[in-house]
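Chemist: Please take these sequences and the hints and turn them into a complete structure.
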Amino acid sequence: MKRVALNGNYAVAYAVKMADVDFVAAYPITPQTPIVEKISEFIANGELEAEYVNVESEHSAISACIGASLTGARVFTATSSQGLAYMHEVLFMASSLRTPIVMANVNRALSHPLNIWNDHSDAMPERDCGWIQFWVESAQEAFDTTIQAFKIAEEVLLPVMINLDGFILSHVYEAVELPDEELVREYIPSKPLINRVSPKLSYTIGVVGPPEYYFEMKYQALEAIERSRNNINNVNKEFSKVFGRKYGNVNEHMMEDAKYVLITMGAVTGTAKFVVNELRKKGEKVGLLSIRCFRPFPKDEIIKLLEDVKGVGVLDRALTPGGPGHPLYTDICCALYNAKNRPIIQSFVGGLGGRDILIDDFIKMFEIVKEVSEEGRPKPCIYIGLRE
Amino acid sequence: MLEIRWHGRGGQGVVTAAEILAIAAINEGKYAQAFAAFGPERRGAPVLGFTRIDDENILLRTQIYNPDIIVVLDSHICNMKGIEDGLKNDGIVILNTPLKPEYYAEKFKNAKKIATVDATTIAIKEIGSPITNTAILGAVIKTTNIVKLRSIELVIRERFRKEIAEKNIKAVREAFNQTIIFER
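Protein sequences, first through last, are from chains A and B. Each residue of the first sequence is one higher than the one before, counting from 55 in the working numbering. Each residue of the second sequence is one higher than the one before, counting from 379 in the working numbering.
Calculated directly from the structure, the hints in this document are not laboratory data. Backbone N, C-alpha and C define an ideal beta-carbon position, used for all residues, glycine too. Any given hint could be a false lead.
Said to hold, decoys possible - One side only, chain A facing chain B, incomplete, derived with CB under 10 angstroms: (1) Val58; (2) Ala59; (3) Asp219; (4) Leu223; (5) Glu228; (6) Val230; (7) Arg239; (8) Tyr241; (9) Asn284; (10) Asn287; (11) Gly320; (12) Thr325; (13) Lys327; (14) Ile411; (15) Leu412.
Stated by the list, open to error - Cβ pair distances, simulated, as ranges: (16) Asp414(A) x Asn523(B): 26 to 36 angstroms; (17) Cys435(A) x Lys478(B): 51 to 61 angstroms; (18) Pro179(A) x Asn457(B): 42 to 52 angstroms; (19) Met458(B) x Leu276(A): 35 to 45 angstroms.
Modeler: Given below as structure tokens:
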């Protein structure tokens, strides 16, 4: 084990190297580029033996990854924002073709207006594409989750997307514990997956699915992601035994006797934890949940964790224009609708296009959650930090 | 927790300075973060860098608005409007300037300590170009003692080719020796 200073992007690149991937295809885009730059450096230096394909677009990057994955290779790609959007139609093929691709998506806002900064508007439109989606809080978690992702993807034959926040995580240097490479390779040995394009096997890939078959094929991919819950839980358990760091599908902070809870995703969870610690010192019964595994959605865990909670605030960093609620809020409401004890659920949106979510913003969110809980009904969505 | 805000211009190595200090702290077993004002980088444009150092794991993900320490790498912007914004009371200011620290006492009203060093002259002499990031680190260590001088030198040796590293280390030491500190 080595304790080093890495930024979130490099933490992912190191995980990819240690995972001994066979194939990488990517197209550069801010703020993701340093990941693939570092990987190409590893390959050029001979530290990683892999095929790196420079493609002309993200559409081609993910298509090349599918092709490589079908041959049984361990495959990685990375992108952000417009790049992910450009992959959109192919993402569905990756999951339905059951290709265990691992992708890092460094979260960045979508145009227009053009914006290279961080929010979750790139990943949210892809939540229904059949990929497993993780969201991480720190460079350490980015490293660990990337390692886990290869294990999960190859066990369940589904692609996995690791979301890490652009700049506030991707470009921040911090302390990361890197395990020995042998330990990682032991944990995820490079066992060849089935080569589905081998002439020795009679597979047909990319077929037409007429009405007689399409439904069943889609249902299989649906079942696969449902079944992946077990694998993900087991991987979380095993990982903590081997590497000593424990992760859940929902990360909890000060939840034991919490009455007012905020639900977040990604790196801003750190600032929220800081605020929870400060409020706890003043005797406030506040707690925090961050959704680490967003797809498959940890519905049962959330119901259980919120059983004795009076009020919940849900912080979205993306919009669902004209919808019944913004994406995470809608999912939380849906998860809790049939729960026996249902807290008051208040919607917040903050930090769009890289606007900093400040300590005072989180304090205000907790105050509002407390207030609406006492009133017994939530207010319409509150846009934190929006200028009037 | 100690929060540092770095000011300079694109090309002077502001972000590298923020990173070298954080990496040195992490190598000493502490926790640290280093980052730039999030966004694109352009040569010559004003640049902000940030470093946080603590003995415990750092949770905050915001930019730094109330620094304990302000460091200015560009001698032309020490007097720029707003550069003193948010400095904590009894904060520390470290400036690249040939002037004496007393000259800036009025500008940085709530600073407890102001330190100056002519990092540009030192950088030109030792490195051959006006890239002041390593020299200013010498002044930062002299003034604050946040990490050991040796820890900074180790990071520089890891990060740069041998001849370049040695030149930069000379600049760090020279600046360390030449830093003038004013305290009130």
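Chemist: Confirm or reject each hint.
Modeler: Results of checking the hints against the structure:
Interface hint at Val58(A): satisfied, since its Cβ lies 7 angstroms from the closest Cβ of chain B, which is below the 10 angstroms cut-off. With its C-beta approaching chain B no nearer than about 4 angstroms, Ala59(A) sits inside the 10 angstroms limit, and its interface hint holds. At its closest, the beta carbon of Asp219(A) sits 8 angstroms from a beta carbon of chain B; the interface hint therefore holds under the 10 angstroms criterion. The closest approach between the C-beta of Leu223(A) and any C-beta of chain B is roughly 7 angstroms, which is under the 10 angstroms cut-off, so the hint is satisfied.
For Glu228(A), the suggested interface contact is upheld, since its CB lies about 5 angstroms from the closest CB of chain B, less than 10 angstroms. The interface hint given for Val230(A) holds, since its Cβ lies 9 angstroms from the closest Cβ of chain B, which is under the 10 angstroms cut-off. At about 25 angstroms, the closest approach between the beta carbon of Arg239(A) and any beta carbon in chain B exceeds 10 angstroms, and the interface hint on this residue is violated. Checking Tyr241(A) against chain B: minimum C-beta separation of about 24 angstroms lies over 10 angstroms; hint violated.
Because the smallest distance between the Cβ of Asn284(A) and any Cβ of chain B comes to about 31 angstroms, over 10 angstroms, the interface hint for this residue is violated. Hint on Asn287(A) is violated. Least Cβ distance to chain B is approximately 26 angstroms, over the 10 angstroms limit. Residue-level restraint check for Gly320(A) holds (minimum Cβ-Cβ distance to chain B is 9 angstroms; threshold 10 angstroms). Nearest Cβ of chain B to the Cβ of Thr325(A): about 5 angstroms, under the 10 angstroms cut. The hint holds.
Satisfaction of the interface hint for Lys327(A) is found here, the shortest Cβ-Cβ separation to chain B being roughly 5 angstroms, below the 10 angstroms cut-off. For Ile411(A), the shortest C-beta to C-beta distance to chain B is roughly 7 angstroms, which falls under 10 angstroms, so the interface hint holds. With a least beta-carbon distance of about 6 angstroms to chain B, the hint placing Leu412(A) at the interface is held under the 10 angstroms criterion. Between Asp414(A) and Asn523(B) the C-beta distance comes to about 32 angstroms, which sits within the given range of 26 to 36 angstroms.
Checked against the hint of 51 to 61 angstroms, the C-beta distance between Cys435(A) and Lys478(B) comes to roughly 55 angstroms, which is consistent with it. For Pro179(A) paired with Asn457(B), a C-beta distance near 48 angstroms keeps the hint of 42 to 52 angstroms intact. Under the hint 35 to 45 angstroms, the C-beta atoms of Met458(B) and Leu276(A), about 58 angstroms apart, miss the expected range.
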